[in-house]
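Visitor: Can you build the whole structure from these sequences, using the hints too?
Here are the chains, one letter per residue:
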Amino acid sequence: MKRVDWQRTVLVLAAPTLAVVVAVLLSSIVLVVSGNSPLRTFESMLDFGIDPDSVIQILNKSTTYYLSALAVAIGFRMNLFNIGVDGQYRIAAFFAAVVGGWLALPGPLLIVVVILVAVAVGAFWAGIAAVLKVTRGVSEVISTIMLNVIGAGIVAYLIDPSRLGVLIGSQQVSTEPMPESAYLPGIPLGEGEVFGFILIALACGIGYWLLLGRTRFGFDLKATGLSETAAVASGVDVKRMILRAMLLSGGVAGLVGLPLLLGESHSYGQDFPAGFGFAGIAIALLGRNHPVGIAIGALLWSFLEQSSQILDLEGVPKEIVTIMQGITVLSVVIAYELVRRFSLAQQQRRVGAELRAAARSDEGAVP
Amino acid sequence: MTAGLVDQTITPPAPARRRRRLTLPVVLLGIAALLVLVSLVRMVTGADDITSSGTIGAALRLAVPIGLAGLGGLWSERAGVVNIGLEGQLILGTWFGAWGAFEYGAWWGALAGIVGGALGGLIHAVATVTFGVDHIVSGVAVNILGAGATRFLSALVFVDTPGGGVTQSPTLPPIDTFTLPGSGALRTLEGKGWFLVSDLAGVLGGLVTQVSLLTVVAIALVPISYVLLWRTKFGLRLRACGEAPSAAESLGVNVYRMKYLAVIVSGGFAGLGGAFLAEVATSIYREGQTNGRGYIGLAAMIFGNWRPGGLAAGAGIFGYTDSLQLRSGGESVHALLLLLAVVLAGIGVWSLVRRRRLIGISTLGVAALVLVWFLLTDTVPDEFVGFAPHLTTLLVLSLAAQRLRPPAADGRPYRRGGD
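For the protein sequence lines, the chains are P and G, in the order given.
The working numbering puts the last residue of the first sequence at 1744; the count rises by one with no breaks.
The working numbering puts the last residue of the second sequence at 898; the count rises by one with no breaks.
None of these hints come from the bench; they were simulated from the model.
Where is the CB? At the ideal position from N, CA and C, for every residue including glycine.
Any given hint could be a false lead.
Claimed, not checked - No farther apart than 20 angstroms at their CA atoms in a straight line, the calculated lysine to any residue pairs in the SDA-like style are these:
{"id": "1", "chain 1": "P", "residue 1": "K1695", "chain 2": "G", "residue 2": "G767"}
{"id": "2", "chain 1": "P", "residue 1": "K1616", "chain 2": "P", "residue 2": "T1592"}
{"id": "3", "chain 1": "P", "residue 1": "K1599", "chain 2": "P", "residue 2": "G1584"}
{"id": "4", "chain 1": "P", "residue 1": "K1616", "chain 2": "P", "residue 2": "S1604"}
{"id": "5", "chain 1": "P", "residue 1": "K1695", "chain 2": "G", "residue 2": "G643"}
{"id": "6", "chain 1": "P", "residue 1": "K1616", "chain 2": "G", "residue 2": "S877"}
{"id": "7", "chain 1": "P", "residue 1": "K1695", "chain 2": "G", "residue 2": "T646"}
To be verified - Now the stretches of chain P that chain G is said to cover, found in silico as 3 or more residues with beta-carbon under 8 angstroms:
{"id": "8", "segment": "1528-1535"}
{"id": "9", "segment": "1653-1664"}
As the list claims (entries may be wrong) - Taking CB as the label site, the calculated pair distances span:
{"id": "10", "chain 1": "P", "residue 1": "G1567", "chain 2": "G", "residue 2": "V605", "range": "40 to 46 angstroms"}
{"id": "11", "chain 1": "G", "residue 1": "L874", "chain 2": "P", "residue 2": "P1556", "range": "38 to 44 angstroms"}
{"id": "12", "chain 1": "P", "residue 1": "P1538", "chain 2": "G", "residue 2": "L513", "range": "37 to 43 angstroms"}
{"id": "13", "chain 1": "G", "residue 1": "G672", "chain 2": "P", "residue 2": "P1556", "range": "55 to 61 angstroms"}
{"id": "14", "chain 1": "G", "residue 1": "K712", "chain 2": "P", "residue 2": "Q1686", "range": "53 to 59 angstroms"}
{"id": "15", "chain 1": "G", "residue 1": "L854", "chain 2": "P", "residue 2": "P1556", "range": "37 to 43 angstroms"}
{"id": "16", "chain 1": "G", "residue 1": "G584", "chain 2": "P", "residue 2": "P1538", "range": "46 to 52 angstroms"}
{"id": "17", "chain 1": "G", "residue 1": "V695", "chain 2": "P", "residue 2": "V1410", "range": "34 to 40 angstroms"}
Guide: Below you can see the structure in the form of structure tokens.
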């Protein structure tokens, strides 16, 4: 038994290794074709990426990406494609910021309320797509994409100073800043500090792992994803599962904007960053929907983004990093598929060999 | 992981009763009824722009990229490959279209756009057909790659050009346009503000004034796709790959090659759509200018029940709602709220007649809400006008999704000798 496990470990590690090798190779080709030296580029990225300041930035970004990828992964585990994390976290962070700026509560309590509001709004926004899917059969892929744009439009409308927003300076529009007592303290690391929210993100990762691996709900969720017919046969109400999984995914998506909101910006301005949701999809794919894998994926993603900041100084367009990210995702999914096929074929061969051996020993026994 | 874009487990089986086919007279009658309704709404609200030639012209220009993306989706999904990567291929089309037009002239731009989109299609085909990666996953990767590649290429190519930069190209040379004779008379009629006559003149005028030659090409691609896919042996084989690939293989069709071809053509269509968006609709490449139109094109195709005629109608609707933000949007969309309320009320009453009480009552409820909104306000905020096409997509799909039938093997990875 031990030997089989060892083989599995090799296979599990083979996929990401293969993918990284391919990604580095392809990125190098792009670099060479565009007239840059791959070695120098990678070297300066690495140098800049392990700079202490960069490490803090990377950890902070990873916190955000980790939550985003978890939200996506919850859907992925049951074949639900929540492409709408982007819209969900923005509308959630907006309303959380509005509540945070308006409510007069003691700091820690206010933080809790802000988190709860974000989760509720995120779940609600994802819930629309879920309801449309179970009642009207609308694909969540399309509906969540449309809800992204609609959510952004609603936020743009409400953030106007005549409505829920305030004018900061003469140009900047944002929500009412939260009181200083509701700033989430950071965790000191070297010279600076990282977002305190990183602990909550870790807790979410552990929660995700427990939920999927140790509960009835998680089992049903994975079963539905692997074989819907089998799940139905064993008494799973698929529609209810879709609804609950989507609400859960949206709830986690609601948290995505909070590391930034509670740790740095303390208000939702017009320049609140977008696009974390799409990064989350890619990272969930990189991490194979596994809580540890996602963490590694999030770190890699943030590392690439942070370390590319140096490239403009080197005369390489830093946009190369987006290509690297795209290539990485594509090679990872292809590598996983190849490894899956290989191990399937291995398995069949082994079973075949065992059956043949059994048949031979039977033949030997009968006559 | 496998997923088609319409959940078949939730879609109930088609009713045994035969559905009436949409024949040409029925379609024309429907269009006429809609025009009367719109004309009435215009008279009541005074929002002249909802049928002005300017709006219709803009709607046509904006419908073309959506329709081309939808055609791309049609080709690919008829061969059984879901192509969420249309958005990325559209983006590639905008960049390559702009680059080709800037370097070599307008028509070379269209060609370059096709090539760029087809490259995106090729990547999607390699991942889904050869390696059997989940279609949605691969599509998402293509979208990331498309956005990244164009940004990188802009940084290389457009930065040192006059007016260009990392996020945009210089202004592009125009593609020739033409105006049919008699459009002046239509313009006069349109100005009169008569019931129905002026609306008709406005719509016709919009369709024949300053039409880009590329628009004509794009519109021609709809019947061409129909004939190729439904009236030739090749088309039958291609569609067989989307319905029952194993059966097609057993009859000697090379399923892999068919799927490759379909997905590459699909990317080419989306690429042409992108080139059109950059060259004709805006005459500049700007980062993010596709704004989800690839997805909307996919929605148009779903709305059109995986048929070319239906998707063209869908693209028309989305293009129209898209055009409103350019032409006194708030007022026009406000007027259309009345139209929406009337149409929803009609659907609600119809559902009640058909004894579908829950749907009927909820639709009537929504209609009443829309009517109240219309009565209590004078205009719709700009921010809402911006997402009008997306909200329309959502509405249309939620009203239509259950009666649709996607190709049977749509979105399923296929392996020769598998199953």
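Visitor: Hints first: check each against the structure and report whether it holds.
Guide: So, going through the hints one by one against the coordinates:
no.	hint	verdict
1	K1695(P) - G767(G)	holds (18 angstroms)
2	K1616(P) - T1592(P)	holds (19 angstroms)
3	K1599(P) - G1584(P)	holds (15 angstroms)
4	K1616(P) - S1604(P)	holds (14 angstroms)
5	K1695(P) - G643(G)	holds (17 angstroms)
6	K1616(P) - S877(G)	holds (16 angstroms)
7	K1695(P) - T646(G)	holds (13 angstroms)
8	1528-1535	holds (count 5)
9	1653-1664	holds (count 4)
10	G1567(P) - V605(G): 40 to 46 angstroms	holds (44 angstroms)
11	L874(G) - P1556(P): 38 to 44 angstroms	holds (41 angstroms)
12	P1538(P) - L513(G): 37 to 43 angstroms	holds (40 angstroms)
13	G672(G) - P1556(P): 55 to 61 angstroms	holds (57 angstroms)
14	K712(G) - Q1686(P): 53 to 59 angstroms	holds (56 angstroms)
15	L854(G) - P1556(P): 37 to 43 angstroms	holds (41 angstroms)
16	G584(G) - P1538(P): 46 to 52 angstroms	holds (48 angstroms)
17	V695(G) - V1410(P): 34 to 40 angstroms	holds (37 angstroms)
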